[in-house]
Amino acid sequence: MTTVDGRHAIDREAERLAYKPPEIRHDTQGDMSTEDRVEKAMHHFVKNFNTQTASYLDGCLHCGMCADACHFHVRTDDPRYTPIWKLELFKQAYKREAGPFAFFYRLFGFKKKVTIDQLEEWQHLLYDSCTVCGRCSLVCPMGIDIAGLVSMARHGMFKAGLIPHELHEVAKRAAETGSPLGITPDKFEDRIEWMADEHEVEIPVDAEQADVLAVMSSIEIQKYPQSIAATAKILNAAGEKWTFRLDGFEATNFGMLSGNPEWQKEATMKLINAAIKIGAKLIVLPECGHAYMALRWMGANMLGKPLPFKVLHISEYLSEALDQGKIKVNAVDTSVTYHDPCQVSRRGGATEAARNVLKHLGVDFREMEYGGDYNWCCGGGGGVVTITRADPLRRRVFKLKMDQVEKTEADELLSSCANCRQSFDDSQEYFNWDYKMGSLMEMVAENLEEDGS
Amino acid sequence: MDLLEFARGPALQWAAYILVAGTIWRIFGIVLLKEKADFSEPRARGGLGAALKVIYTRSFTANPFKKATLYPKMLAYVQHLGLFAVVLLFVPHIMFFEGFLGFSWPGLPNSVIYVLGVAAVAASIALLVRRLTSPVLKLISNFDDYFSWFVTVLPLVTGLLIPVRPGFIRYEDLLAIHILSVAVLMVWFPFGKLGHAFLVFITRGTTGMVFERRGAKT
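If you read the protein sequences in the order shown, they are chains A and B.
Counting along the first sequence from 1, when you hit position 254 you're at 1226 in my numbering, and nothing is skipped either side.
Counting along the second sequence from 1, when you hit position 4 you're at 28 in my numbering, and nothing is skipped either side.
Here chain A stands alone, though its shape is the one from the complex (with noise of 0.2 Å):
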């Protein structure tokens, strides 16, 4: 008879059977003591504290129904995935330091101080394996909008220097080159003469005038360059005046990914400042989940008003434009599932657009099962594709994905957000799945009527 070390359980879902490697590993950032990252990792948790978010942490009835919506949990059945559990060392802070019976929490000593080794353990959760997709959100019987709370306390975690490394790296690059991949101006610039030469296509840059201002993901300018040419066609064939602006580009933020306000801040005034500079009406989000919350829902509250032009995801710009014929598409034989991106869809509320888009297509539209609002994550978003030690992770909970997809039995797979994508392409190559993800607006580009202007 053997005994099993139980400090190494084994991996089942390994390709070979395999001890599961502890997770040891707790970054942190800066030179601080022990105490100031607590106090730091708290102050920047209730800085900007409402009713809506105390009633959230006062109201938490410990039903637990939220672990059955989260994909880390029900891939894993680790308790630790519980989404409010990620939340737990801040609720306690809250209730000991700042809600309403703070007094009588401390007096009774019913709610520890955290500590900072706690906080540690909890990088993993708030990082590693939330990709603040809101699914479970919507289970919650209270109603409590967890993932906003994940992103408050990933505020509280960065500004204590506890923070993944790869995920700080990624999010430092963007606040000090503009892109978190490390786009300058000129790259970008020569990506788009590259893409204008390759696809026949006018691409304007720098116009002092323009009604539209389109802006690109990093991700689409490195790995999926022909978004920028797609972008353009469909753009020029909606006979709009627009343009492209190098002082204006970039428009992930890794700064909101991250929990850094003012990283967040900086790269949306740049966005702000340019379509404000050249009259802009609109702009024209990318594919890309992150930025539309970012502009769409947060840009406003950066600039500390009402936003003098519109924001729409290109989803949206294309589900507008066909119904005003602005473009038109040939009909495209072919059956198509949709994956949302959980920023433009579920928690933006742009789930129709895309569909209205595949309506025009024509295509056969296979809807997957609780799609739409409801859609697994990509197992990406938030930021984790970025941690390289969440990669297995990652990629299991990816499963939950690929038996959704499977399920529909379509022969393309089309979504509408460059980092659900490379999402996708990390875990597709790594599986040797089948399914290629493709662009919906790619899919577009490619079938406009040539008389559609």
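One should not assume that every hint holds.
Unchecked claim - Covered stretches of chain A (chain B as the covering partner; in silico rule of three or more C-beta atoms under 8 Å from a C-beta of chain B): (1) 1024–1038; (2) 1136–1145.
What the hints assert, rightly or not - Straight-line alpha carbon distances no greater than 27 Å define the calculated DSSO-like cross-link-like pairs of lysine-lysine that follow: (3) B:Lys-58 / A:Lys-1085; (4) B:Lys-60 / A:Lys-1277; (5) B:Lys-90 / A:Lys-1379; (6) A:Lys-1371 / B:Lys-91; (7) A:Lys-1019 / A:Lys-1277; (8) B:Lys-60 / A:Lys-1012; (9) A:Lys-1249 / A:Lys-1277; (10) A:Lys-1159 / A:Lys-1213; (11) A:Lys-1253 / B:Lys-97; (12) A:Lys-1237 / B:Lys-91; (13) B:Lys-58 / A:Lys-1277; (14) A:Lys-1012 / B:Lys-58; (15) B:Lys-91 / A:Lys-1379; (16) A:Lys-1277 / B:Lys-91; (17) A:Lys-1379 / B:Lys-241; (18) B:Lys-162 / A:Lys-1019; (19) A:Lys-1067 / A:Lys-1085; (20) B:Lys-58 / A:Lys-1371; (21) A:Lys-1282 / B:Lys-60; (22) A:Lys-1300 / A:Lys-1331; (23) B:Lys-60 / A:Lys-1067.
Derived by calculation from the structure, the hints in this document are not laboratory data.
We put the beta carbon where it would ideally sit given N, CA and C, even for glycine.
Starting from the structure of chain A, add chain B where the hints point.
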């Protein structure tokens, strides 16, 4: 003053004061936090209508989650409906409320109340067993969960014992204990998780206002 007089008099009176003061304190501690304006262009109307909508709709489980949450949801419904009926539709309770409200409402037959009360206790026990055995619930549960369970079930059990007339205790003493257990419930009510009875309107309501405004799923 005997035990029953104490229970009916000062105990209940002070419990009511604490219930009201604690509830007001907790609600004010939350609703008086400063609000930041949302300048984003709304897609749809938020406001009170959205709040009321979600306060209602979140009472029901969305289809994708029905299978996974069916068991605890059913138990919770039985527990809550049972409690509602026992507290507000039991004729002696209605007469008690009439004493200080000055008006009454129709109640349910005692036998129906008894069945609902037993069902509520049974559902509560099943929920406790679940809390003690589910890995998720074991991890996330704390003192508040167990104590709140105890102070909720105690008045139910003591109340259900009254018509049974157990031989080991005088009727007056059992009634006094029942009323005292209600007093304990009232005292704890605003401080712990039982506060969800009023917080639910704020949590669901604010979620409704924010997400309906975006046109997003609520």
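Open item on the list: Against the 27 Å threshold, does the CA-CA distance of Lys-60 (chain B) and Lys-1012 (chain A) hold or violate the hint?
Closed with: holds, 22 Å
- [ ] With a cut-off of 27 Å on the C-alpha distance, tell me whether Lys-1371 (chain A) and Lys-91 (chain B) pass.
- [x] With a Cα-Cα distance of about 20 Å, the restraint between Lys-1371 (chain A) and Lys-91 (chain B) holds, given a limit of 27 Å.
- [ ] For the pair we were handed, Lys-1277 (chain A) and Lys-91 (chain B), check the Cα-Cα distance against 27 Å.
- [x] Roughly 44 Å between the alpha carbons, so the hint for Lys-1277 (chain A) and Lys-91 (chain B) is violated.
- [ ] Please work out if Lys-91 (chain B) and Lys-1379 (chain A) have their alpha carbons no farther apart than 27 Å.
- [x] Roughly 19 Å separates the two Cα atoms, so the pair holds.
- [ ] Take a quick look at whether Lys-58 (chain B) and Lys-1371 (chain A) sit within 27 Å of each other, Cα to Cα.
- [x] violated, 43 Å
Open item on the list: Would the hint linking Lys-60 (chain B) and Lys-1067 (chain A) be met if the CA-CA limit is 27 Å?
Closed with: Holds. Lys-60 (chain B) to Lys-1067 (chain A) sits at ~22 Å (cutoff 27 Å).
Task: Hinted pair Lys-1159 (chain A) and Lys-1213 (chain A), Cα distance within 27 Å - done: holds, 24 Å
TODO: Take the C-alpha atoms of Lys-1067 (chain A) and Lys-1085 (chain A), compute the straight-line distance between them, and say whether it is at most 27 Å.
DONE: holds, 10 Å
- [ ] With a cut-off of 27 Å on the C-alpha distance, tell me whether Lys-1253 (chain A) and Lys-97 (chain B) pass.
- [x] violated, 48 Å
Task: Pair hint outcome, Lys-1012 (chain A) versus Lys-58 (chain B) [Cα-Cα no greater than 27 Å] - done: holds, 21 Å
Open item on the list: How does the region 1136–1145 of chain A fare against chain B when you require at least three residues with a CB closer than 8 Å, holds or violated?
Closed with: violated (count 0)
Open item on the list: Checking one constraint from the list: CA of Lys-162 (chain B) to CA of Lys-1019 (chain A), max 27 Å. Satisfied?
Closed with: violated, 31 Å
Figure legend: structure checked against the earlier numbered hints; hints not met, in rising order: 2, 11, 12, 16, 18, 20.
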